[in-house]
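Engineer: So the protein lines, in turn, are chains A, B, C, D and E.
Just so we're aligned, residue 6 is where the first sequence starts under the working numbering, counting upward by one.
Just so we're aligned, residue 594 is where the second sequence starts under the working numbering, counting upward by one.
Just so we're aligned, residue 7 is where the third sequence starts under the working numbering, counting upward by one.
Just so we're aligned, residue 2 is where the fourth sequence starts under the working numbering, counting upward by one.
Just so we're aligned, residue 12 is where the fifth sequence starts under the working numbering, counting upward by one.
Don't read these hints as lab results, they were simulated from the structure.
Model, not experiment: these values are computed from the prediction.
Wrong hints could be hidden among the right ones.
Taking CB as the label site, the calculated pair distances span [as the list claims (entries may be wrong)]:
#1 D/H58 x A/G27: 48 to 58 angstroms
#2 B/L658 x A/D387: 36 to 46 angstroms
#3 A/A14 x E/A152: 34 to 44 angstroms
#4 A/N384 x C/K215: 46 to 56 angstroms
#5 C/P330 x A/D387: 35 to 45 angstroms
EDC-like mimics (lysine to aspartate or glutamate), calculated; alpha carbons at most 20 angstroms apart, straight line [as the list claims (entries may be wrong)]:
#6 A/K404 x A/D387
#7 C/K323 x A/D405
#8 A/K170 x D/D166
#9 A/K170 x D/E90
#10 C/K215 x C/D65
#11 A/K170 x D/E158
#12 B/K712 x E/E107
#13 C/K356 x A/D405
#14 B/K631 x E/D345
#15 A/K181 x D/E158
#16 E/K353 x B/D664
#17 E/K353 x B/E695
#18 C/K215 x C/E84
Heads up, the beta-carbon is just placed ideally off N, CA and C, and yes, glycines get one too.
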Amino acid sequence: MGMRHIGYATRTIPKFLEPLPGGAKTVDAIEFVVAWARANSLWPLIYGTACCAMEMMSTGSSRHDWARFGVEVARATPRQADLIVLAGTIVEKMGSRLVTLYEQMPGPKYVIAMGSCAISGGPFYYDSYSVIKGGDRLIPVDVYIPGCPPRPEALLYGIMQLQEKIRTEGRRNPWKIGTLNQTPFGDPLSEAKKVWADLEKSRTAPSPAISDADSGNIATDRPKPIKRPATEQFPEVARNPLSASRLDNETIFACILENFPETTLTRQSEHTVEQVRALGPEYLLDLTVPLHRYVEMVAFLKNSALLDMNFLLHVTAVDRLDRFEVLAHLLSADRGHNILVRCALDRQYPEIPSLSPLFAGAIWHEREVFDLFGIRFSNHPDLRRLFLEDNFPGHPLRKDFDDPSRVVRRPY
Amino acid sequence: MASYTIIGFAIFLGALFVGGGILASMLLAFRTPHCSNKVQAYECAEDPVGDARIRFKVSYYLFALLFLIFDIESLFLFPCVKIFRTVATQATALSPTFLLGELSVFVFILFSGLLYVWKKGVLRWE
Amino acid sequence: MTEQQAGLAGDIMENGVAMTVPPGFSIDRREGHTDEYFLNMGPQHPSTHGVLRLMLRMDGENVLEVVPHLGYIHRGLEKIGENQTYLQNIHLTDRLDYLSSHINNLALCLAIEKAMGIGVPERAEYIRVMVCELQRIQSHLLWWGVLGMDLGAITSFLYGFKERELITDIFEEMCGARLTMNFFRPGGSFADVPDTFIPRVRAVVERMKSAIDEYDTLLTNNVIMHLRTKGIGVLAAETALAHGCSGPVLRGSGVAFDVRRSDPYSIYDRFSFDIPVGTVGDCFDRYKVRMEEMRQSLRIIEEAAASFPGGPYRSKKYATYNLPAGSYYSQVETARGLLGVYIEADGGPKPYRIKYRSPSFANLSALNDLAAGHKLADLVPIIATLDVLIPDIDR
Amino acid sequence: MKTQAKNIQGRGYPVERGGFVPDGQVHWSLAGYLTHLVNGCLSLVKGMGLTFGYFSHPGRIITQQYPENRETLVMFPRFRGRLALVMDEAGGAPLCTACGMCEKACPNGSISVLTRRDSGNRKVLGRYLYRFSQCTLCNLCVESCVFGAIRMAQDFELAAYDSSDLQLVLYGKEE
Amino acid sequence: MEPIIDTSRFPATNAIGDFIRAILPGPVAELANIVLAVLAILTVVGLTPVALIWMERKVAAHFQARLGPMRVGYHGLLQPLADGIKLIFKEVMKPEGADTFVFFLAPILSATASFMVLTVIPFDHHLQVTDPAGGVLYVIAVAGLGIMGVLLAGWSSNNKYSLLGAMRSGAQMISYEISLALLMLLIVLLSGTASLREIVFSQTGTVLDWWIFKFPFFGIIAFVLFLISSTAELNRAPFDMAEAESELTGGFTTEYSGITFAMFFLAEFVNMFMAASLTTTFFLGGFLAPQFGLASLDRMLDAIPGFLWFFLKSYSVIFIYMWFRWTFPRPRVDQLMNLEWKVLVPANFLLLLIAGLFVVMGWA
């Protein structure tokens, strides 16, 4: 590392100059100029994944104008970029691409981790099976800017900090390419264990930090702090009545029962129109149908002149531990009512006919369910994983999914 | 001819300037360690599918051919326009109307060529 | 990281060499067409608006087929949501579609209110409507700027942000954050709006009216803009409905479907506003619909500001929000379309299953229908007028 | 078109398309062509006029020069910069009773409240750990605190060279 | 054939040149003069991008209600310097599968080509490296070389974006070369000379004698067409299909880094200056001071050196290029070709005929 990767001339010129009288000063001056140039000409890569990218764009906008620092030449190709601002969450699938991007940037290159996600995974640190816990697990980070997302001023401050750092570069402190850490998840289990073990230790051990002598004011006779007086009293408010334009649940259910008498109301003891009426107007009509009538039922809902449910909201699934339930949620764009059609599946070999002949939009929804639950859809035109890499082990939204190599569990 | 010698000399110096710049930079610049990602062609950080040296749509080349025709034709126009003013403003045997007619014929031939390719749909970018 | 799946990948001959067709393409012919090639657009590309990867089958400049690849920002929000209380989930919805974070918060709050029968005071409803409409304008401003930038008019990007910052200021003063607000709570919001709220809103409305005229001069009435968007990416109404598109994308195709009208949440039924719809369904229609929507939102805000009531900004606070077992659904109209929140509750403080039905997801699924047959350059306005937000899709 | 004919609830109004490029195949007349050409060029000139308006009016520049305006730059009172403990006005001791409500409220586990026993064997605040690197500044902890013992501070210049610098000890730091 | 314009008022000599000729023997003096002239041009080449990069950023910023570079030097004056030094010390990368020789030849070609045109531009009465009689022909010929650089860059990079960008810019630049050539021929027809120096002298007189006004009404049209064509020829926004960032990420420069990219960057700005100086020479009276027919004012304006006028005019034209760039969206590549072949080329033919008529009738 280090000198080997510095250009031939850059390596030899100082050696020639330094023994000469005043040579060291000349080299210092040259180094100063080069470092100054580098610090003031940071061209960022246009890289942004999530919310922080918006604040990065704000920083580039007229109000904050990062052009003042010479940063506005944002390049779309890594070959011309000096700086990569990790704006947003980095997930496993993107992680390898991020490493590629970083390696494709010419040296010297710098990295700013902007926001909690890029520093540590932020809100997705716990329980997420795909988020990489910080950009520095992949590539060397120079400056960390906390916040979620940080203000544009905070990003500017971060850039200034980076400039400070670059200005110290020279032959004594050359820019070095950091080590690329190719273990995006590290060992979260043992890491988490260590963190929480440490925490537990300090929880039980008497704190060495403050003895009563040091903080004399925490005397035993100090009264316990009182609860904040409840200045704000919030009234209980009645709910606004539902607007009347939509078709009511009773009519819909009566119409369905007429054609599909085997339909049942989920989680209800009775399956009658009266029962639906008793549940009130805000009740989400939640129907269970047998597997063999599922597609038929959805087709009926779509084509019925009365119901006219021509809008597929989503297809999803719920893991009930003993079975899967696939849900198709339909909406009538004309009349505003929506129905949940539910179908129980065997958990061992979950397979259900696809809705894609009825709704083109179902293709992706079903791919998502296939990806996250492992439920197969027969006669689906393109059943591939949607979000995760093909080699991802397991199906994360199943309740029994556990992957200690990826997921950090919350200790409480 | 002398003026073109100067230009040749200028080109040489210019190329030296640019090439020297690149060479100097190569001596001065950093070099990060070689790895397979680094030298891979940039295609939005993904592995490219297939070769980049693809057989390309013919429409681009049609424009190149058109250019060749029209550029050369307009160069043929060059002597015509060069002496046009001299001839037109001096009392010569040629009448101004004839001159204008001559220019029109020249331009018309070019224009009809353009109309032809237009009609043929060469200009439609598919 | 090559994606190969047996049975889906086929081979075509390219310059005499067999090459693997990436999965997802509908190529079945293996003969001829040697000048077809595959091009990656994304995940790191300036005009895919985030980390979307489009795999293109190209012939010269022409796009023959588009296969979107998702998941480059799939964070497992729904899994994380199962391990967090309902209140904590509100802050996760911020990160879903961060340009409509207020509206997302509202969607979850509505579901909780529905499940627990919590009412909302008058003032809180007004705050909700005004804030949501401001958010819609803010989101459209960003969209407008980015659309201009994608088309090469970088100045429009900065002009859009100029006014966007004014609205951001209102939000920041109100709740302390510029983007991920986490402002609404079941029954209202965590704090009242400051006294400066109404004057500031009025100022923004005034400024926005002239600003939209400026935008029209710069982009809407620009002949190059018309050339680039008219007749490009035509989405038929049936296709849009079949894919479950919503929001300006669906309305651009001529279907006047707006949740604020068809299923009025909060107090949207009290305001008079019109639903702009397109007639052709091309990029220009979607563009115009959004521009009109900004004007309509200004109307709503003006009307609400004129009759802004006093009183409490929140109804009774609960120590914990334990939803009774059952399934609950609420939907709102975000800047991008219909956002649905579906909750499967088991009676505990945390949802058993929470599912976000995001508008961009459905809108993007229609991409191939829009883009196939157009030029590579047309893909840019098509994606831009779909106004997809990748974190919203990937969740 | 079924849906379009119905035009859901009949409430939409079609947007104006107008402009210089006709929809669909239109047979141009020369006059029409020239009108379109002139109007199109005019639209370009108008756009140039707008941008020149900004160029020629330096007063319309809205840039705030951040590091230079540091003295006058004030965050809004509710700005959520980072978590801070509220200290007792009298003695400078924290108001925190170490009840742990904030720890439970935090969605990201970024707060750890460690207790210790004081001389009267009562549970008091020992250390207050705050993993700023993980915090999303969602304000839930502040809301959950019934003692008003924590607040959101106004700092925003918090960039660090090392991520471990972002593991803050708000109280009880080992010196 | 006698010269149309009496150039004896302005002999093609200068004080420095005469001095060198006086102290050195003939051939050596000529050589020394040539070296000096070329070095002067190289200085222009070196300094123009520096000025233009700063100007571009500042102009862009002010169009967008912001400030632009502020923190290095007064109002960021040193910003281009910082960028330049940084790029020199930046790593140069070559992608796998790229043709090494062509890959590095392309930027050299691109930068040299733009420099070649400058040798015939008359900056002032005495400031011109050489003035071939067929100067316009030379300009037409050499301007095509820049395309080669772009095409080679795109092809050698082994990258599909680069190739697409190169193909686009190839098609675009050669097409617009035709209308540029025709417009130059228009001026040749009007002025009756193909030497750039003499074209400038053909515009001697008041402002109304510049070709933009001297060719009544159509001169302005020709000027606008020249601006449009040269913008396209320059590959500048709004006609920057070749590097259309939102479609092709970096276009033909996608794989270029460090100094090789800087060379394309440099070529872009030198080209812009070159196009502006051609516009100035052809339409705006070159280095001639604007005269308004008011004796005292004219004398004052005439006292200002010609090269200052030349730079003032050129930079005004450059400002217009920047104004275009920071206002307009980008058309699609086929629309751009339509504009060229279906509007500009026929219009140019028409203009040529009209010009012939004007010359014959003695109106211009």
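Engineer: Decide, hint by hint, whether the structure agrees.
Structural biologist: Checked hints:
1. The supplied range of 48 to 58 angstroms is met by D/H58 and A/G27, whose beta-carbon atoms lie about 51 angstroms from each other.
2. A hinted range of 36 to 46 angstroms holds for the C-beta pair B/L658 and A/D387, which are about 42 angstroms apart.
3. Taking the beta carbon of each, A/A14 and E/A152 are about 38 angstroms apart, inside 34 to 44 angstroms as hinted.
4. Checked against the given bound of 46 to 56 angstroms, the beta carbons of A/N384 and C/K215, roughly 53 angstroms apart, stay inside it.
5. The hint said 35 to 45 angstroms for the Cβ distance between C/P330 and A/D387, and at roughly 39 angstroms that hint holds.
6. Note on A/K404 and A/D387: the hinted pairing is violated, with a Cα-Cα distance of about 26 angstroms set against a maximum of 20 angstroms.
7. For the hint pairing C/K323 with A/D405, the CA-to-CA distance comes to about 34 angstroms; that exceeds 20 angstroms, so the pair is violated.
8. For the hint pairing A/K170 with D/D166, the CA-to-CA distance comes to about 16 angstroms; that is within 20 angstroms, so the pair holds.
9. As the CA atoms of A/K170 and D/E90 are separated by approximately 39 angstroms, the hinted pair breaks the 20 angstroms bound.
10. Note on C/K215 and C/D65: the hinted pairing is violated, with a Cα-Cα distance of about 44 angstroms set against a maximum of 20 angstroms.
11. In summary, the hint linking A/K170 to D/E158 is supported, as the alpha carbons are separated by about 16 angstroms, within the 20 angstroms threshold.
12. Between the alpha carbons of B/K712 and E/E107 the distance comes to roughly 44 angstroms, so the proposed pair goes past 20 angstroms and is violated.
13. This hinted pair checks out: C/K356 and A/D405 have alpha carbons roughly 17 angstroms apart, not beyond 20 angstroms.
14. Only pairs whose Cα atoms come within 20 angstroms are accepted, and B/K631 paired with E/D345 is rejected, the gap being roughly 34 angstroms.
15. Taking the CA atoms of A/K181 and D/E158, the gap is near 27 angstroms; set against the 20 angstroms cutoff, the hint is violated.
16. In summary, the hint linking E/K353 to B/D664 is supported, as the alpha carbons are separated by about 16 angstroms, within the 20 angstroms threshold.
17. Restraint check: the Cα-Cα separation between E/K353 and B/E695 comes to about 24 angstroms, which exceeds 20 angstroms; the hinted pair is violated.
18. At most 20 angstroms may separate the alpha-carbon atoms for a hinted pair to count; C/K215 and C/E84 exceed this at roughly 39 angstroms.
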